[in-house]
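Protein chains in written order, with the working numbering: chain A, 1316 to 1555; chain B, 1316 to 1555; chain C, 1316 to 1555; chain D, 1316 to 1555; chain E, 1316 to 1555.
Just so you know, not all the hints are guaranteed correct.
Given that identical chains are not distinguished, each listed pair holds provided it fits within a single copy or across any two copies.
[Unchecked claim] Below, a list of computed lysine to aspartate or glutamate pairs in the DMTMM-like style, where the Cα atoms sit at most 20 Å apart: (1) K1463 x E1359; (2) K1481 x E1520; (3) K1331 x E1457; (4) K1507 x E1454.
If you're looking for bench data, these hints aren't it; they were derived computationally from the structure.
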Amino acid sequence: MVLDTEIIVDGIEVEKPVLITSFPGIGLVGTIASAHFILELNLEAVGVIESKLLPPVASLFDGVVLPPVRIYQSKDMGFVLIHSDVPVIPQIAYDMSRTIVQWAGEIGAKRIYSIAGVATFEDKRRVFGAATKKELLEEIKEHVEIFKTGTISGIAGSILNECVAKKFPGIALLGETGGFNPDPRAAASLIKAMNKILSWNINVEKLIKEAEIIEAQMQKLAEQARMHEGVKREELPMYG
Amino acid sequence: MVLDTEIIVDGIEVEKPVLITSFPGIGLVGTIASAHFILELNLEAVGVIESKLLPPVASLFDGVVLPPVRIYQSKDMGFVLIHSDVPVIPQIAYDMSRTIVQWAGEIGAKRIYSIAGVATFEDKRRVFGAATKKELLEEIKEHVEIFKTGTISGIAGSILNECVAKKFPGIALLGETGGFNPDPRAAASLIKAMNKILSWNINVEKLIKEAEIIEAQMQKLAEQARMHEGVKREELPMYG
Amino acid sequence: MVLDTEIIVDGIEVEKPVLITSFPGIGLVGTIASAHFILELNLEAVGVIESKLLPPVASLFDGVVLPPVRIYQSKDMGFVLIHSDVPVIPQIAYDMSRTIVQWAGEIGAKRIYSIAGVATFEDKRRVFGAATKKELLEEIKEHVEIFKTGTISGIAGSILNECVAKKFPGIALLGETGGFNPDPRAAASLIKAMNKILSWNINVEKLIKEAEIIEAQMQKLAEQARMHEGVKREELPMYG
Amino acid sequence: MVLDTEIIVDGIEVEKPVLITSFPGIGLVGTIASAHFILELNLEAVGVIESKLLPPVASLFDGVVLPPVRIYQSKDMGFVLIHSDVPVIPQIAYDMSRTIVQWAGEIGAKRIYSIAGVATFEDKRRVFGAATKKELLEEIKEHVEIFKTGTISGIAGSILNECVAKKFPGIALLGETGGFNPDPRAAASLIKAMNKILSWNINVEKLIKEAEIIEAQMQKLAEQARMHEGVKREELPMYG
Amino acid sequence: MVLDTEIIVDGIEVEKPVLITSFPGIGLVGTIASAHFILELNLEAVGVIESKLLPPVASLFDGVVLPPVRIYQSKDMGFVLIHSDVPVIPQIAYDMSRTIVQWAGEIGAKRIYSIAGVATFEDKRRVFGAATKKELLEEIKEHVEIFKTGTISGIAGSILNECVAKKFPGIALLGETGGFNPDPRAAASLIKAMNKILSWNINVEKLIKEAEIIEAQMQKLAEQARMHEGVKREELPMYG
């Protein structure tokens, strides 16, 4: 099989890292969480993932070009992070997953954490977990609810499928989100669960504040809508 | 020819197995039957089939990730099973069939049984059989009706085509189904025929009960519809 | 160039055969004729042609699986026959033609006869012929009308094009058909011409009878239509 | 880069030929001109160009099969001609141009003349010329008008682009045509210019007569239209 | 990965050049600027970029054929320029960017300047800059405004992404434009910024005059529109 994805990276300096993968999906839960890691821990990109099928778009941060799928590392926290600004179309998901899982082996990663959101349309912010082997559920079951039955679609799912195929230990952590809006509160819950599982201590206050602002806006909008039907819905800020 | 399908599997421990292939199709007959094998015989996946063109989706069972096309084995019953949660688009059928039949040779399989459904729109639950050679019909003709004339489309058909091309003994077993709803009763009939052909003794009571529940729902719906035209049809549970 | 067609065949035992190619087209003329060869001469398939782009469908004949494009031989009559149940999409025509003409050379074939139909919308059943070289027209001009000007499209045409390119002697025999319905009478005329050209003696009575049945049905339908406008047209049996 | 075009040809016997390329385009100007060369000089095809992406269609001329893109030569006039019956879709243009220009080098061609039409919607029949280098314009500027600014699209343009890339001397000769109908008068003008540039003496009387017949038909149609609005326009004969 | 883009060029004679890339985009700002370099400095093409996916179209300049993507050099000014007449579809952007950045290394380029436009819908003509590394911003920050946050899409963006991936120093210079019309004034501002950054002295008077003509036309049109609603908008000249 010809693979059309390539990982280009400077030497990874974290030994036996956990590899976190984050691609835009429902509620942008994973994306907001990984963007928070980058900002909060002041991480710098050490590599990129390239593919013919990614959209040709460069992001700018303080005037510096950021390719759409970037790789970060934190020696202190012992992780390597793949963060994507752009969603990955199904045609590319297998290709990219296969490349990522193979590379995880090459850098000696001990776990892959695929982080994303899951929509329940309930107003809760639980975190659900699943894993590629029963034994791995032991590592997370005290900190998240096990996602017993269902499906994980998109690249988050195909990374896990590839982990099963290659017998690489993979874990999914899914932040519950109530709807289709960017959901920093779900991202905060996700990070809190990761703090427990991985013995981290990443502060999520900024995300909580952001959530409160969005929720206040939503609240106001709902009140206006009640007073005046047909009101046009204000665009909420989009992450990523 | 470049093939885009790959079989990744731990050592198969069944000698001269029969290889059963099951992909979602009409009435989900084959899929319900093979899912029943997995649950009833408590089988564990020993491998997967991967392809760039399969949809990127992972299923969860008790929190454990299941890739969409999985391989199981039963040493006791002497079979290897390829079970797919997802339908296979025509563009991929040839590729996958070719890979499967070649692999059947590599693991020393003595027969391929392609199981599926066939719609007759009669309210019967016969099981029809066809084979890649006249001599093979002898093995099944006392337990199923021979499917004399017609076509088998989709991957169930292309696996048989590939068996003919490579002179691999292939048999189709098709459970008759009356419509387009998931049909556990047809799956039960199919398994009963397999029990006879392969000298198995797989219990199908659970499927019969499931069928009775569905049929009772259907009956009730039909009565309601007669009483009140325009009633909205309740969604029936979907398998697989 | 990467070719995606493959011919898989047991040893051909006919020396210097003529190779007949038959794919579904207008009036199914070629297909009815070659199906008649198979039934009348009781031929058994000795091989298949495979391609990723053929539809995934298996036909059944007396319970035995028939892949869509099959190869037959008749040692008595000195021919090898490629018969297809399915039409070939333009995207695949070149690939398949190239593979067929190359294979014709490998089995030492002395001629390729591409048989098909040609629509004139006249109520005649002439047979038209064309060839890849002027000298070849000599072989057929007493038994068919030369098809002076026009085009042959689809794989019947691309096989001839490939014959020209590779200097392989190719002949087209086209049974005239009056419309778009399956036309066994045109197929019978085509076979009669082949009988003359190739000194065969294949009986076409069954085809004539079939034609009479269809024509009687058509006649009746036409009368009904005259009596009662708006009558719904009965489906005619489809070959292949 | 994988090229999907192939030139299959018997030995070219013209030394240092000019290579003329002609593909159907506006007014069929180039195609009518090159078809006229073939008929007037009684040329026989010595090769073909094949591609997966050409439509599967064979033309017939006096019962003999003609593949869609053919190669002719005239030892007397010192040229090799590529004549296509079918238009070439943009997806194939680069591939075919690249193959043609490379082949031009292999046969020692000294010039490529890409002939085609150009629509001005004026009722003139000028011939326009362009070239891949300023010095080449010297060779044609006394016999044609230089096409100063504009674009040449389709394979006529991409052959010239490829000539520039490979530093192969290429010249475009474009017969002016007034509209979208086949235009033998424009083809005649084009040939007259080629007669001058290449010191040929090809008679164009037949084309002029054909033009007069078409123009008389057009005239009559115009008169009828003036007399009776809504008259249905008669189909004009199509070349190629 | 198979790349479908090829750079064909005569020896580049500029040592350690800056490489400027210019593809049509918003306001045609980059294209007008690079076309101005070619005319003002009287540059001659020394090479082309070819790809299967570029449209088959040749431009003419004074009767001489110009392929759509051309390479120029100026020994005096120390630059190499890639100028495209045609926009590049997203499917080709990665391929072309990768080829360009690799080639930039081969010719010993010290910087890539990707020039383009940026729409702000304000009536200003600022020039914005971004770079692949913070240190590079130092080189431009006194002459342009840093484009802090946002995205650069199309090939202009994917060239920068590829620069990041391959650690090649890349700079984006984006001329602000108020709308979707060709904007020579924005191109002039862009060139003035380049004059400062690169210590050039390219005259932009012609562009300013062109801008004044277009602006006068726009002004007149606006007045007419105010006087007479529903006036049909005159087509403005299109560059490139």
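Hint by hint, work out which the structure violates, then give me just those numbers in ascending order.
When the structure is compared with the hints, numbers 2, 3 turn out to be violated.
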